[in-house]
Amino acid sequence: AQSVTQPDIHITVSEGASLELRCNYSYGATPYLFWYVQSPGQGLQLLLKYFSGDTLVQGIKGFEAEFKRSQSSFNLRKPSVHWSDAAEYFCAVGAGNTPLVFGKGTRLSVIA
Amino acid sequence: GAGVSQTPSNKVTEKGKYVELRCDPISGHTALYWYRQSLGQGPEFLIYFQGTGAADDSGLPNDRFFAVRPEGSVSTLKIQRTERGDSAVYLCASSLDFADTQYFGPGTRLTVL
Numbered sequence: 001a002q003s004v005t006q007p008d009i010h011i012t013v014s015e016g017a018s019l020e021l022r023c024n025y026s027y028g029a030t031p032y033l034f035w036y037v038q039s040p041g042q043g044l045q046l047l048l049k050y051f052s053g054d055t056l057v058q059g060i061k062g063f064e065a066e067f068k069r070s071q072s073s074f075n076l077r078k079p080s081v082h083w084s085d086a087a088e089y090f091c092a093v094g095a096g097n098t099p100l101v102f103g104k105g106t107r108l109s110v111i112a
Numbered sequence: 001g002a003g004v005s006q007t008p009s010n011k012v013t014e015k016g017k018y019v020e021l022r023c024d025p026i027s028g029h030t031a032l033y034w035y036r037q038s039l040g041q042g043p044e045f046l047i048y049f050q051g052t053g054a055a056d057d058s059g060l061p062n063d064r065f066f067a068v069r070p071e072g073s074v075s076t077l078k079i080q081r082t083e084r085g086d087s088a089v090y091l092c093a094s095s096l097d098f099a100d101t102q103y104f105g106p107g108t109r110l111t112v113l
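Read top to bottom, the protein sequences are chains S and P.
Taking my numbering, I'd label the letters of the first sequence as residues 1 to 112.
Taking my numbering, I'd label the letters of the second sequence as residues 1 to 113.
No lab work stands behind these hints, which were simulated from the structure alone.
Cβ atoms here follow ideal geometry from the backbone N, Cα and C, with glycine treated the same way.
Be aware that one or more of the hints could be misleading.
Facing chain S, according to a computed beta carbon distance under 10 Å, are these residues of chain P, among others [said to hold, decoys possible]:
| id | residue |
| --- | --- |
| 1 | S9 |
| 2 | E44 |
| 3 | D56 |
| 4 | G107 |
| 5 | R109 |
Straight-line distance between alpha carbons at most 27 Å, and here's what the computed DSS-like set of lysine-lysine pairs gives [unchecked claim]:
| id | chain 1 | residue 1 | chain 2 | residue 2 |
| --- | --- | --- | --- | --- |
| 6 | P | K11 | S | K104 |
| 7 | S | K49 | S | K104 |
| 8 | S | K61 | S | K49 |
| 9 | S | K104 | P | K78 |
Given these sequences and hints, build the entire structure.
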């Protein structure tokens, strides 16, 4: 069965510091991979997605993610975090014929 | 253009009552999904429509849950005899086709007292 693991429940970083959020997946076929962000009281906003091709994917708001098949990982990175990045981040996996399976999320706090 | 909209944004009901939650997808999107997000969890799939038909309803927890999409656009999630465990945020998403990126609405927060 498909599954997504986000090992970090909560991460706190200083504004301007770099960020990496971890995501590991279990999937039988070539996966489609997504990162979504959810601010309090808001719906999920797509940050970036990987379907195929270049394993380093650029997204909105300065985020990027790298697909590593050998490690079954799709970690999200940002070189310099802004206070407005504080939110809940969800990694998700799917394929051409299955609904998305989400991780439990990582809550990001940003301190001055 | 307009995104996915969901009404109501909040719904408080009593145990045993019937509720309906509405989702308006992005215009032209043929695929529509319902997810449920409990506190501290990621969204969990409930049901998926391709056009008017439910292509996959394997995520519905039991027969108290039912969803329709009669004209291939707006969808309604219906919950009968609500239980306190049904309290969650119900999210709707739509996509151009099944394999395409899903765009989410703001959700309906359901509270069953």
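The hints, checked one at a time:
1. S9: Check passed: Cβ of P/S9 comes within 9 Å of chain S, closer than 10 Å.
2. E44: 7 Å, holds
3. D56: 7 Å, holds
4. G107: Constraint on P/G107 satisfied, holds at 6 Å.
5. R109: 9 Å, holds
6. P/K11 - S/K104: 24 Å, holds
7. S/K49 - S/K104: 18 Å, holds
8. S/K61 - S/K49: Status holds; Cα separation ~14 Å.
9. S/K104 - P/K78: Satisfied, since the Cα-Cα distance of roughly 25 Å is no more than 27 Å.
When the structure is compared with the earlier hints, no violation turns up for any of them.
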